[in-house]
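As you go down the protein sequences, you meet chains A and B in turn. The first sequence begins at 0 in numbering that gives the first Met the number 0 and counts up by one. The second sequence begins at 0 in numbering that gives the first Met the number 0 and counts up by one.
Every clue listed holds true.
The calculated lysine to aspartate or glutamate pairs, modelled on EDC-like cross-linking and capped at a C-alpha distance of 20 angstroms, are:
hint	chain 1	residue 1	chain 2	residue 2
1	B	217	B	15
2	A	244	B	15
3	A	244	B	80
4	A	244	B	95
5	B	217	B	304
6	B	217	B	308
None of these hints come from the bench; they were simulated from the model.
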Amino acid sequence: MNAPASLARRVLLQGRYETMTMLRNGEQLLIAVILPLMALVGLTITPLLDEFTDSRIDMAAPGVLALCAVSTGLTGQGIATGFDRRYGVLRFLSTTPLGQSGLILGKVIAVLSVLAIQVVVIGAAALLLGWSPEPGGILPAAVQLILGAGAFTSLGLLIAGTARPEATLAITNLLWVLLAAAGGLLFPAASWPDVYEPAAQLLPSSALGDALRSALMDAEFNLTASIVLLAWTVLAGLAAIRWFKWS
Amino acid sequence: MPNTEPCLDIQGLVKDLGPVAALDGKMVRVIDGVHLRAFPGQVTALLGANGAGKTTTLECAQGLTRPNGGTVRLLGQDPYEAGAGLRSRVGVMLQEGGLPQAIRPIPLLRHVAGMYRSPRDVDALINRLGIDNFGNTPVRRLSGGQKQRVALAAALVGDPEVLFLDEPSAGLDPQSRAVVFDLIQELRTEGLGIILTTHLMDDAQRLADYVFIIDAGKTVAHGTVAELTKATDESSGVERLLTFDARPGLDLAGLPGLSVHETVPGRYTLAGNLIPADLAALAKFWEEQDIMPTAIHMAPRSLEDVFLDISGKGLR
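I would like the entire structure built from these sequences, with the hints used as guidance.
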């Protein structure tokens with residue numbers, strides 16, 4: 000009589016497998032690493048951030064880290080999961096000892112692994128560009144970045160689990176562009192017109208951007224942004240559990 | 000039936016799917032009374048037309064979906080509630096394969112093997128199914144038959160006691176078909192309980208020890224192939240089906256007592272408990288009409304005839 004490998008082994012195997020799949024995919028790598036690097040350099044050499052700060056790189060780096068969470072959680076997992084669902088991969092793996100819960104835990108590991116690689120690459124590039132993050136803000140920033148990745152991964156899975164994969168591809172790529180340009184990720188929502196600003200601050204992207212900027216620029220814990228982020232993580236997670244279709 | 004515990008026992012299965020937008024968001028009862036029993040060391044076939052409910056029945060059996068009624072026992076457990084322990088003893092090949100498209104077959108099989116404490120020898124499996132020839136080609140570039148073989152290997156890599164195969168011969172070229180069918184026979188001899196679905200009578204007739212005919216969400220007949228194709232009236236012997244090809248449009252009124260039908264222009268069939276006198280009458284008719292048939296064929300009633308009798312000849 001056969002028996003399953005231990006839960007830890009199954010989940011770690013799946014996490015490694017999903018991480019390698021994401022890293023081997025050219026488009027995923029583009030949106031996870033190359034485009035954020037270009038955004039970092041672009042915001043540092045152009046005067047776009049000059050109206051908010053004296054130090055472009057100190058404001059650019061936290062925003063680009065927030066963008067990384069959107070790349071990996073929303074766009075990356077959204078597209079990968081959407082196509083896996085189309086081809087029956089989710090159903091097949093559900094019938095192996097991995098199961099549905101192992102599949103989800105594997106995705107969590109993959110998102111955190113890719114996010115760690117992004118932090119190293121973006122962090123190193125930012126330091127080379129003269130970034131000096133507040134040491135006291137690093138731990139809260141790490142917690143908020145993980146919370147944000149949770150919110151965006153839940154949103155990515157919600158879209159992937161309810162829409163066709165082609166639609167998921169279009170929606171998540173479009174959202175990435177919109178949130179980067181006008182979602183408060185790279186530019187603080189405080190800069191938007193008065194009618195738009197309060198609404199913008201309720202966006203998960205704006206909350207994550209503001210939280211990381213508060214922590215890494217001023218060593219402050221941004222409570223409002225953290226509450227908004229937590230609410231999005233919980234609501235998107237519950238919605239994904241409720242509406243996600245495995246086939 | 001062998002004197003052992005069934006590896007799969009489904010009684011009074013009911014499953015609703017939906018809501019369906021075209022029906023004002025109503026649920027549709029796609030399974031309403033499927034009974035099924037499968038035993039170790041046997042190939043059990045679910046035979047039915049497309050849309051009869053075969054795949055949904057399998058999904059309930061595999062624990063992928065929760066039935067709305069009835070009971071499902073897989074190796075004595077409820078598959079929907081059971082955990083990794085049960086899943087490690089069951090192999091599943093889905094209809095579309097369920098394979099990730101970007102990965103190569105050999106790394107995929109090693110990955111899946113890692114989910115089990117004592118998997119099969121992956122190299123031997125790869126060799127047995129001829130996967131080594133394309134083991135490093137991404138799945139998306141494989142032919143239908145190659146994908147099916149990889150999906151079968153993925154279902155077997157955990158060395159299961161029960162194997163589910165949803166339409167195993169779909170998309171198989173004759174070569175792959177021979178490899179896959181041989182392996183299924185071999186696995187049966189090893190003692191696996193194999194449950195497969197098919198809409199091809201030929202598959203069921205070649206592979207199955209026991210057949211359940213599913214129609215419109217119900218089990219409508221079951222038995223061995225021999226039992227199902229036996230004459231309905233035991234005393235009258237075996238029912239036969241005779242076909243002959245001749246010029247189209249023959250006047251069949253000159254054949255009293257025999258109900259010959261022209262099924263397609265130029266092809267005539269006669270079914271029933273034929274006796275030598277019937278053949279003599281037929282030959283006399285040919286002589287009178289100066290007909291020399293271009294082909295004559297007679298065989299016992301096939302599973303296909305049984306199936307068509309039961310499920311109706313109309314197209315669905």
